[in-house]
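S.K.: With chain A's structure known, arrange chain B on it following the hints.
Respectively, the protein sequence lines represent chains A and B. My numbering puts the first residue of the first sequence at -15, with every later residue one more than the last. My numbering puts the first residue of the second sequence at 4, with every later residue one more than the last.
No lab work stands behind these hints: they were computed from the structure. Beta carbons: idealized from backbone N, C-alpha and C, even for Gly.
With beta-carbon atoms standing in for the labels, derived distance ranges:
(1) A:Ala259 <-> B:Lys190: 23 to 29 Å
(2) A:Pro118 <-> B:Ala201: 33 to 39 Å
(3) B:Ala201 <-> A:Leu172: 35 to 41 Å
(4) B:Ala201 <-> A:Pro280: 24 to 30 Å
Given next are the chains, with one letter for each unit.
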Amino acid sequence: MTLFIEQCLNGLQFGLLLFLLAAGLTLVFGIMDLVNLAHGSLYMIGAYFAATFAAWTDSFVLGAVLALLATLVVGMAVEVIAMRRLYGRDHLDHVLGTFGLILFFDEAVRLIWGPEGLSLPLPSWLNTAVTILPGMQYSAYRLSIIVVSLAVAVFLYVLVMRTRIGMLIRAGASNREMVGALGVNIKLLYTLVFGLGAALAGLAGLMQAPILTVQIGMGENILIVAFVITVIGGIGSVRGAFIAALLVGFVDTLGRSYLPDLLRLVLSPNAASTAAPALASMLIYLLMAIVLVVRPEGLFPASAK
Amino acid sequence: MRKTLLAAGTALLLAAGPAMAQQKSIKIGFVSTFSGPVAVIGNDMRNSFELALDHMGRKMGGLPVEVIYEDDGFKPEVGKQKTQKLIESDKVDFISGYIWSNVLLASIKPVVDSKTFMVIANAGASQVAGELCSPYVFSTSWQNDQTPEAMGLYMNQKGVNSVFLIGPNYAAGKDMLAGVSHTFKGKVVGQELTTWPAQLDFSAELAKAKAANPDAIFVFYPGKAGVQFLAQYAQAGLKGKIPLYTAFTIDETSLPLQKDLALGVPGAQEWVNDLPNDANKKFVADYMKKYPGHRPSFYGAQSYDAANLIASAVTATKGNLTDKEALRKAFEKADFKSVRGNFKFGNNHIPIQNFYLQDVVKDAKGDYVLKTVATIVKDYQDASHSKCPMN
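Looking at chain A on its own, in the form it has when it is part of the complex (with noise of 0.2 Å):
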């Protein structure tokens, strides 16, 4: 039992880390329009930058926190300079174009910091387990990962449903053209949802930082997981973002902790061992096929054009 809830806490940790990168996602497919490949840059960014500042600081909150304002930044320089040139073009171009960006900042990164990574050693606080019920524990960090995701969460809901820019956002995501007609700064809007994206994807890449170390190329597999879940969850809705990264964990960890156990019930010992793992790691395509049956639009779309 214990085992059982310790999974689901994995599961949960994964798909709120995964909540973090889809939210950005979805939010700047949804209100620009714009495929944007480049948002695992973003990740990756993030993860540098906090490795960095944690080594120059010497605290790793403070390093984060850093990290955090920079790909802000860095994400509405990017936004400025190079996503508007793709506004109300084809989806071909922004594949292009933000491909190209991938291209660019594994260059830069690698120009800067070298191509051998970077790791950011976690402060002995977090390095341990703590016991959550009696007698069972479970990582610090992870923990924490948990409590932070699911505050961000929070944070990005009163933003959508409870504040003016969010009410932008959402007139944004059902309708881009009465926004701008109504005489809304669409330029701003754009630059400030740009940069709270890449801010999502930063947190996200660095709080993988510490479990996965700081490497280059790390935001393209995490990548094509964020883009599932805008899917599943419906483009440009984050509250299907969330209920979607969710799924998405759970099954993706669960199935890999308990696939291996009921693959022995009907194969041998070393074919189920061996075809597991690799059946683990299509479950979560599976179940975009079965959604994207079910409801083509996602579970929450957006819009209902």
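M.R.: Leaving out everything else, chain B in the frame of chain A:
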């Protein structure tokens, strides 16, 4: 004009004639990973191979050496393409390198079919030592099972009664986990294979290992994955509770990132940087002189040996590469000063060699270094050799 062309053509033909009969230079193809997160390993192998060439004056048997390095991008299909390109269009005389067992398994057929001599500098897929063994394929590393088998022996010495095994789901990962089970006398209470190389978060596997409550965890994660595993093992609160035993998880390419996390975690290896033979002292000292800020790893040591093995065969046959039989015999002698101390080849062309226990310590300068603690097993031969029909 036509006359000059004709004359030039004749001259070219004349020049080409003798070259076919007699070797003018030695061309070596070297396939490894030079891009992406594991490029540090490929770079270490290239650095060591280059250093070996420097030490022999960039000549083998009096002939100048040219090396073509190709990047496999960490992908079996790319490795195979690059291997075919080296053989078919570059027409290399020898081929070396190969970090990954799955890349090796994809690439080996074109090499053997073309009867090109291959010296594997790392990958140790058990099939290549057994049923796929070939007169043209040699290794300066090991068969995958050997190192974890040595670790299994060490765990017996330490009185470990139960172990949980974790490793990646590809050719080498399966060999490694099987290897521990060959020699370990206690109980294997669980085994987890993870998607390779995409999965980097081992939370689910660590939770299962913890729940199984074994005496020890054995793990095989080469390259960057080793850094991630050690970090997550500490974060899960397992450090100091369930001891970790490793193979190919801690080395000089991963230590700069693992740092404190690697202290006190034992590993088995056929080469350690402080082995006291002269060839090794020279290799390690000159490597650190030529590449300041870097230390050679076992990947590099095996590549250095690969260059020297090729040189020994070329020298013994006086640069006559057409007599494949003589060349094979020269290779089989392993007549060179290996940095691990001299070794013999088994019938399957895999070294019969010692395996050492290594540990991580901080040296006087505060750097993290590996040091030899003990010899676990001497002159150890791999189990697959009986499946190899050569003798």
